[in-house]
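*Asks:* Sequence:
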Amino acid sequence: MESTQPKLKKTLGPLMLWGLGVGYVISGMYFGWNLGLEKGGTLGLAIATGFIIVMYLAFTFSYTEMACAIPKAGGAFDYSLRALGKDWGFIGGMAQNIEFVFAPPAIAAAIGAYLNIFMPSVPIIVIAIIAYVLFTAINIYGVKTAASIELIFTIVAVIELLIFAGATLPHFEWTHIKHNALPHGLGGAFAAIPFAIWFFLAIEGVANVAEETINPQRNILIGFGSAILTLVVLCILTFSASVGVAGWEGVVYPEPGAPASDSPLPLALAIIYGEGHYLYTLVTSIGLFGLIASFHGIILAAGRATYEFGRVGFAPAILGKIHPRFHTPGNALIVNTLIGIIALFSGRTGEIITIACFGALTLYIISMVSFLQLRKKEPALHRPFKVPFYPITPWVALIIAGIAFVAITIYNPTLAMIYFAMMGITHAWFAGTKRDIIKIKERTN
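Heads up: take any position in the sequence shown, counting from 1, add 29, and you land on the working numbering.
Bear in mind the hints are in silico, worked out from the structure with no lab data behind them. Treat the hints loosely; a few may be bogus.
Unchecked claim - Computed list of lysine-lysine pairs in DSS-like fashion (alpha-carbon distance at most 25 Å, straight line):
#, residue 1, residue 2
1, LYS405, LYS415
2, LYS39, LYS173
3, LYS405, LYS39
4, LYS406, LYS115
5, LYS115, LYS405
6, LYS350, LYS173
7, LYS405, LYS173
8, LYS415, LYS39
Being a predicted model, the structure only gives us computed values, none of them experimental.
Input sequences plus hints: build the corresponding full structure.
*Replies:* Pasting the structure below:
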């Protein structure tokens, strides 16, 4: 009976995976990260970002080992389920779902704000909802089409970031970097951690398309590795080019006393060239490609993560169905979109980003524990790629992720309670209603 169900199609190669990996993340270069400057200043955010870059490099290459060895659509969920059992598997999978479902609303709001500049008569929330419906439909239509569109948007977004760096770096001055660099002391570096994570959030989504990848044991490594290295370079360029033109306040506050803006690149260019200059228009126009690339890509990864949850019985079975014509997880994509639209109406971009970061850090911690456990539990598992410097590499990722999780909990206690409540309620539901179903599936598979 199981074998008659439609399967995910294998259509993705290394270039598509690079496009997905960079595309998932690249909106983090365009907006959101500069809110960390308000928390920690230039030096505080720089310390946090350096800390997080080390974590992501260690995590990505450790995660790649598992993705190549266990190429399943559930990513962290499948690894933690196999290594740690049902309860921790559920927690890892739910954390992944929270990350992937809560990141898109923040990006959708930014898409709405960008387009509202050109269409002021259309409310931001309406534009954001239209974006959700449009890109969910594209993802339902087919993964190859979705990934091809993602690749185009990603390439344009990368080119635009390089144009921005070329336009601003000639105006870079160290005095701007050093001015009021640590306004809130070292505590500001800890407060800035969620916004440093935003530079790289969702890179792990590459693993969620492993079942749709041609020769995943080889191509996942190429896609993951090239994507994280591209993103590190873009992060350093964008951070330096933005802050170096007028100091951190210039890319946070449009004017003294104004609320913090989440559009640092246009603010930096306006300082140099003015809002009427063609470079300012170019960035505000093409910058939309970066937002769409991440929005579209994370919707794709979220659909696979939720689908896997439903397929193995950890969520309602309807979420684990493949569309019979398009061979995509249509039900999971639709449900995720409905949740995202509800989150949109909160209108709190910073808080949504932080909740997504809670999910991401939980995923990173559980994934690295799973990695270490799988090395002990299944030493004979075929691993086409093995992470360098084992066991140091996964331990570095685990320790930094643990410190970051504690830090954002301390600095965001209310959001932490909301996150823990979501995890607790869903796990209680799982424990009370799903264990028997899972046991039945295990006996019949």
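*Asks:* Determine which of the earlier numbered hints do not hold for this structure and return their numbers in increasing order.
*Replies:* 3, 7
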